[in-house]
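K.L.:
If you want the building blocks of each chain, they are given just below.
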Amino acid sequence: MKKKKKALNAPSEFSKDYTVSKALAKGDIFTKLSFLIMGLGNIVRKQFIKGLLFLAVEIGFIYFMVTYGISNISMLPSLGGREAGYVLDPTGQFMTYVEGDDSKLVLLYGVVSIVICIAFFLFWRETVKSAYMAQVLRKKGKHVNNFFEDIKDLFNSNLHKLLLALPITGVVAFTILPLIYMISMAFTNYTKIGGHLQLFNWVGLDNFFDVVSLKGDIGKQFWAVAGWTIVWAILATFLNYILGMLLAIIINRKGTRLKGMWRFLFILSIAIPQFVSLLIIRTMLGPNGPVNNAILSEPVPFFTNATYARITVIVVNLWVGIPYTMLQVTGILQNIPADLYEAARVDGANAITTFFKITLPYMLFVTGPYLVSTFTGNVNNFNVIYLLTGGDPRPVGSTAGKTDLLVTWLFKLTINEQRYNVGAVIGIMTFIVLSIVSIITYRNTNAYKDEEGFQ
Amino acid sequence: MKKNSSEAVQYTSAKLKRLVMDIITHIFLTVLAIIWIAPVVWVIITSFRGEKGDFIDRIIPNSFTINNYKKLFTDTGTLNFPRMFMNTLIISVIVCLISSFFVLSVAFCMSRLRFKTRRTFMNICMILGLFPGFMSMVAVYFILKALGLTEGGLIKVALILVYSGGSGMGFYIAKGFFDTIPKSLDEAACIDGATKFQVFTKVIIPLSKPIIVYTVLTAFMGPWLDFIFAKVICLTNIKEYTVAIGLWNMLEKEYVYQWFNSFCAGAVLISIPISIIFILMQKFYQDGMSGAVKG
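Residue numbers (the working numbering), protein chains in the order written: chain Y, 1 to 455; chain G, 456 to 750.
Treat each hint with caution, since some may be false.
[Claimed, not checked] 35 Å max Cα-Cα, derived DSBU-like pairs, lysine-lysine:
hint, chain 1, residue 1, chain 2, residue 2
1, G, 686, Y, 192
2, Y, 139, Y, 152
3, Y, 259, G, 470
It should be emphasised that the hints constitute simulated quantities derived from the structure, not laboratory data.
Next comes chain Y alone, as it looks inside the complex (with noise of 0.2 Å):
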């Protein structure tokens, strides 16, 4: 299995000739002394601008880690532990301010500098590699590239390395980086609860029992949380699909008349920026709103009572999903071969079991991807919650409240209460379930196997 998707991965059309092994193997001195010189391949056969360029970014790289790197990678293993306030200073006659450590960055100082070496690494190895084939071409006699043709290969067979410079360093520096930081984060004791604000340690895996064991006032929280986010989750991605999809096949009956006019009055709804509708739609369902006020004649809790405020968010989530589904699924349903239902008129079945045995199994091959995503989606919906109730109502003396899901919750724990370690921990637990149910699934679809189908 694992040879077979190797040969997947890697068609023969990649050459393989240029590996450091080989440059190990075959180099010649020149070659070998790039291993540590990086460049020196390169200048060697008369590539200077390259092989000064790699040599320069060598230099950097070495003096940002006698300056920076190690003394930096050095502290990670203990975060810090000088304290701040005075100390007398050497002459014994002063008392001076000392600025002590000050872990959260002395962790992401650390990070940074091992996502610079790891950096690194993968750009000398590209040097060693570019070494050994300047020195494989020049043996066989075949043309070495210059500096200028160097540049017009970017833009011709290396044009991805160009094209993705750019895109991967935002990647890694404002998703992939930050991550590794936070993930860090839920194996230390950064929060506030017994004053770790400035100087933390690594704890291990200690948050993660807390976090999922029953008898802590964390754990508690935790499974009521993680129950309550499936509940909804489950909820809010099979109720918006299925009603969606009625209202679609609804507006595309023969015998509806205006099937534009319906459809953009429900679209208009979704247009409009969705933390502006959720906030008019909590303001009309809050105590002083309209709703309350002008229309029923008592009072109905639908943001203070536990019960309540579960349905009030559910059914407001079907209020901005139905018209996405309606939106996805109507270019779908008028692909659904005609015959299908013609037999099964002809067979005596009528609308629900047509619904039932035809529409429903179509759309769900078809469609299968997309309700993973949505699931994805609405474990990790932010907005919905966070402006109609903020998780409220919350049990008094605790972090999370009865609407909250984990996202929000996590939010909660980080911004609000700066629990920063059990944060990070919740995010990997939702992360570990919602990568869970995709793979699954998306190994399953033949979008992901069959990707290049149609080309």
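The hints should help you fit chain G onto chain Y, whose structure is shown.
P.N.:
Below, chain G without anything else, positioned relative to chain Y:
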């Protein structure tokens, strides 16, 4: 065509049944449409409401006024709406340029170029997408703070970086579109001596109008819709607020009495362009989904 009487009766009863169904359908759709449109209509009415405060005990207000809109543009003491608008506009234009470039280049690479790390990159993007977006928010804030970008005017730079930095990962839709463009076009261009870069700019891009418009509009809308990242990064720097945090703040306890009607006015003003963009975008999205080269 001749029909005997029993067939005719059957015919009319079927017709009657259809008519009844049609009427039920239309009543049902009308009720639904009223539910869906009610909040929109209500906010438009309330934006012209004459009474102050956020306690509303009648749907149609006693008096109407245009002052709520005037207040948005003239009362710039605490909540400066015109400045928020400009902040958001500047940010969204720059973000739009950067992320459109990122998304289209990544999509092109993933769809058209074959290189060793392609599958790896796509898998990593899929895995990263499963982490809750807010999980890394605090970390992003600390990083921006370490770079000194969380004070004063530099907050704009910070927000631009946040909105456009990771945008390269949202390449799926554009890639799906590029995949529908026949590869024979690339090959023909290559035979004519085009470099791959020229294939990108001269073959693929001109054929991809719907998906480019879609990408550009999506990127442009981002900063108008997000309030949570902006809120965490701006904190109390009221000068750098974007429209979304500004509107959110108008409903906070200390402002709501004075600003509730103006919140509705602001919501209407922001929603008009955004809705138009959204509806345009849907059109281009659907055009995009129907493929590049129509048979």
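K.L.:
So, for every hint listed, does it hold in this structure?
P.N.:
Cross-check of the supplied hints:
With a C-alpha separation of about 21 Å, the suggested pair residue 686 of chain G and residue 192 of chain Y falls inside the 35 Å cut-off, and the hint holds. A C-alpha spacing of about 24 Å is found between residue 139 of chain Y and residue 152 of chain Y, which places the hinted pair at or below 35 Å, so the restraint holds. A threshold of 35 Å between alpha carbons decides the hint, and for residue 259 of chain Y with residue 470 of chain G the separation of about 21 Å falls inside it, so the pair holds.
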